[in-house]
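**Q** Read off the chains here:
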Amino acid sequence: MNPTRKRRLIIVALVVAAASLAIGLGVYALQQNMNYLFTPSQVQAGRADHYKTFRLGGMVKGGSIQRSDNSLKVTFTVIDAGGAMPVEYTGILPDLFRDNQAVIATGHMDGARFVATEVLAKHDATYMPKELKDAMAKAHANKKIEEAAAQDKTP
Amino acid sequence: MARWIPLWLHKLGSPPTFYRFAGALRPWMLALALLFGLIGLYGGLVLAPPDYQQGDAYRIIFIHVPSAWMSMFIYAVMGVAAFIALVWRIKLAEVVAMESAPIGAAFTFITLVTGSLWGKPMWGTWWTWDARLTSELVLLFLYLGVIGLYHAFEDRRQGARAAAFLAIIGIINVPIVHFSVNWWNTLHQGSTVNLFGPSKIAWDMLWPLLSMTLATKFYYAASLFRRVRTDLLALEGGKDWVRKIAESEART
Numbered sequence: 001m002n003p004t005r006k007r008r009l010i011i012v013a014l015v016v017a018a019a020s021l022a023i024g025l026g027v028y029a030l031q032q033n034m035n036y037l038f039t040p041s042q043v044q045a046g047r048a049d050h051y052k053t054f055r056l057g058g059m060v061k062g063g064s065i066q067r068s069d070n071s072l073k074v075t076f077t078v079i080d081a082g083g084a085m086p087v088e089y090t091g092i093l094p095d096l097f098r099d100n101q102a103v104i105a106t107g108h109m110d111g112a113r114f115v116a117t118e119v120l121a122k123h124d125a126t127y128m129p130k131e132l133k134d135a136m137a138k139a140h141a142n143k144k145i146e147e148a149a150a151q152d153k154t155p
Numbered sequence: 001m002a003r004w005i006p007l008w009l010h011k012l013g014s015p016p017t018f019y020r021f022a023g024a025l026r027p028w029m030l031a032l033a034l035l036f037g038l039i040g041l042y043g044g045l046v047l048a049p050p051d052y053q054q055g056d057a058y059r060i061i062f063i064h065v066p067s068a069w070m071s072m073f074i075y076a077v078m079g080v081a082a083f084i085a086l087v088w089r090i091k092l093a094e095v096v097a098m099e100s101a102p103i104g105a106a107f108t109f110i111t112l113v114t115g116s117l118w119g120k121p122m123w124g125t126w127w128t129w130d131a132r133l134t135s136e137l138v139l140l141f142l143y144l145g146v147i148g149l150y151h152a153f154e155d156r157r158q159g160a161r162a163a164a165f166l167a168i169i170g171i172i173n174v175p176i177v178h179f180s181v182n183w184w185n186t187l188h189q190g191s192t193v194n195l196f197g198p199s200k201i202a203w204d205m206l207w208p209l210l211s212m213t214l215a216t217k218f219y220y221a222a223s224l225f226r227r228v229r230t231d232l233l234a235l236e237g238g239k240d241w242v243r244k245i246a247e248s249e250a251r252t
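Order-wise, the sequence lines are chains L and Z. Each residue of the first sequence is one higher than the one before, counting from 1 in our numbering. Each residue of the second sequence is one higher than the one before, counting from 1 in our numbering.
Incorrect hints may appear among the rest.
[As the list claims (entries may be wrong)] Within a straight-line C-alpha distance of at most 27 Å, the following computed DSS-like cross-link-like pairs (lysine-lysine) qualify: (1) Z:244 - L:133; (2) Z:120 - L:130; (3) Z:200 - L:130; (4) Z:200 - Z:91; (5) Z:120 - L:73; (6) Z:120 - L:61; (7) Z:11 - Z:200; (8) L:52 - L:73; (9) Z:244 - Z:11; (10) Z:11 - Z:217; (11) Z:239 - L:133; (12) Z:11 - L:6; (13) Z:120 - L:138; (14) L:52 - Z:91; (15) Z:120 - Z:200; (16) L:133 - L:61; (17) L:6 - Z:217; (18) Z:239 - Z:91; (19) L:61 - Z:91; (20) Z:91 - Z:217; (21) L:138 - L:61.
[Said to hold, decoys possible] Some chain L residues flagged as far from chain Z (calculated, every beta-carbon gap over 12 Å): (22) 21; (23) 44; (24) 69; (25) 88; (26) 133.
[Claimed, not checked] Now the stretches of chain Z that chain L is said to cover, found in silico as 3 or more residues with beta-carbon under 8 Å: (27) 26-33; (28) 122-135.
The set of hints was computed from the structure by calculation and includes no laboratory data. Backbone N, C-alpha and C fix where the C-beta goes; we use that ideal spot for every residue, glycine too.
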């Protein structure tokens with residue numbers, strides 16, 4: 001490699017290294033304080049106290065969805081591994097909103113209740129046909145029955 | 001490595017050789033793109049079963065995901081070509097880098113639009129400032145910046161060098177786009193198809209997706225070859241080989 005090219009190579013490599021370092025540090029810093037959402041246990045631990053409005057993320061607790069008869073008001077409970085929070089929302093919910101679905105709600109705290117102005121459903125990364133899902137659920141249920149039967153047999 | 005490979009690559013770097021090479025390969029690339037595209041679309045839109053949660057709405061992934069992969073793949077190609085252009089000043093590398101940018105920008109735009117169309121019914125919003133969406137938007141602006149900077153100079157080669165610098169620095173955004181769903185809590189879901197480890201998608205849905213991925217790759221090659229050929233003719237306008245082509249075209 002001739003000296004001119006070598007010099008250019010070094011200059012380009014240095015510029016890229018410097019830019020990577022700057023952006024890498026920026027990204028690292030953002031990881032500390034860029035929170036798209038808080039989970040119920042984080043909110044209950046006081047992590048979201050500085051924010052007037054913030055996003056609450058977690059799973060909709062199975063069977064907790066209650067719709068009002070004469071308005072669009074919906075109440076449900078959002079849970080994570082270590083906490084639960086009642087949420088109130090008035091409006092149209094996305095298609096994927098259902099029991100045990102991950103959701104992200106934007107809003108503010110009103111006492112112990114979270115009043116949402118927007119509810120988004122988070123989609124997981126799994127794609128499969130309905131028949132397969134049903135078959136899997138069935139296999140899962142059968143396995144449970146077999147296990148229970150096996151446990152009954154053992155003295 | 002066989003001796004002839006470096007020699008062949010060296011020859012391929014010369015504009016007239018690449019002009020002929022790209023011209024010979026382009027129809028094949030286009031035919032393969034059409035073939036895989038039709039197979040992928042038929043498989044994805046007709047044969048693949050509906051999703052257990054999303055029903056038919058998930059079918060946007062057959063456009064969205066291949067486009068998103070291409071938006072990053074083309075940026076990587078552009079970055080490598082820009083690096084070669086800056087260090088070795090190879091004319092062909094400059095042209096490849098600069099002509100990749102509009103194709104990459106188009107794929108990025110398609111990714112953002114299809115994602116937005118899907119996001120409204122599924123998530124409940126057209127747009128949200130989460131890390132994946134924001135970094136993909138930054139990728140679009142980087143492409144537009146490279147295109148703009150290239151055309152801002154009177155001298156095309158000088159413009160190519162300035163834009164190549166921007167392209168190289170912007171390549172840092174590509175891993176950010178890819179890993180954003182792991183590094184931050186985002187609304188956008190994580191990766192479904194994994195090179196290492198099991199993919200979270202049924203085979204009936206995966207093969208049309210892979211077919212579409214091949215189609216977009218071949219389309220990129222076909223489109224790039226055509227753009228590079230045109231650009232080479234413009235850049236080398238005064239040279240003998242271009243004059244010969246012009247003369248033979250005039251005769252027929």
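**Q** For every hint, state whether the structure bears it out.
**A** Hints and how they fare:
{"no.": "1", "hint": "Z:244 - L:133", "verdict": "64 Å, violated"}
{"no.": "2", "hint": "Z:120 - L:130", "verdict": "22 Å, holds"}
{"no.": "3", "hint": "Z:200 - L:130", "verdict": "14 Å, holds"}
{"no.": "4", "hint": "Z:200 - Z:91", "verdict": "43 Å, violated"}
{"no.": "5", "hint": "Z:120 - L:73", "verdict": "20 Å, holds"}
{"no.": "6", "hint": "Z:120 - L:61", "verdict": "23 Å, holds"}
{"no.": "7", "hint": "Z:11 - Z:200", "verdict": "44 Å, violated"}
{"no.": "8", "hint": "L:52 - L:73", "verdict": "22 Å, holds"}
{"no.": "9", "hint": "Z:244 - Z:11", "verdict": "19 Å, holds"}
{"no.": "10", "hint": "Z:11 - Z:217", "verdict": "24 Å, holds"}
{"no.": "11", "hint": "Z:239 - L:133", "verdict": "64 Å, violated"}
{"no.": "12", "hint": "Z:11 - L:6", "verdict": "22 Å, holds"}
{"no.": "13", "hint": "Z:120 - L:138", "verdict": "32 Å, violated"}
{"no.": "14", "hint": "L:52 - Z:91", "verdict": "56 Å, violated"}
{"no.": "15", "hint": "Z:120 - Z:200", "verdict": "23 Å, holds"}
{"no.": "16", "hint": "L:133 - L:61", "verdict": "21 Å, holds"}
{"no.": "17", "hint": "L:6 - Z:217", "verdict": "33 Å, violated"}
{"no.": "18", "hint": "Z:239 - Z:91", "verdict": "14 Å, holds"}
{"no.": "19", "hint": "L:61 - Z:91", "verdict": "61 Å, violated"}
{"no.": "20", "hint": "Z:91 - Z:217", "verdict": "23 Å, holds"}
{"no.": "21", "hint": "L:138 - L:61", "verdict": "22 Å, holds"}
{"no.": "22", "hint": "21", "verdict": "10 Å, violated"}
{"no.": "23", "hint": "44", "verdict": "17 Å, holds"}
{"no.": "24", "hint": "69", "verdict": "23 Å, holds"}
{"no.": "25", "hint": "88", "verdict": "16 Å, holds"}
{"no.": "26", "hint": "133", "verdict": "4 Å, violated"}
{"no.": "27", "hint": "26-33", "verdict": "violated (count 0)"}
{"no.": "28", "hint": "122-135", "verdict": "holds (count 7)"}
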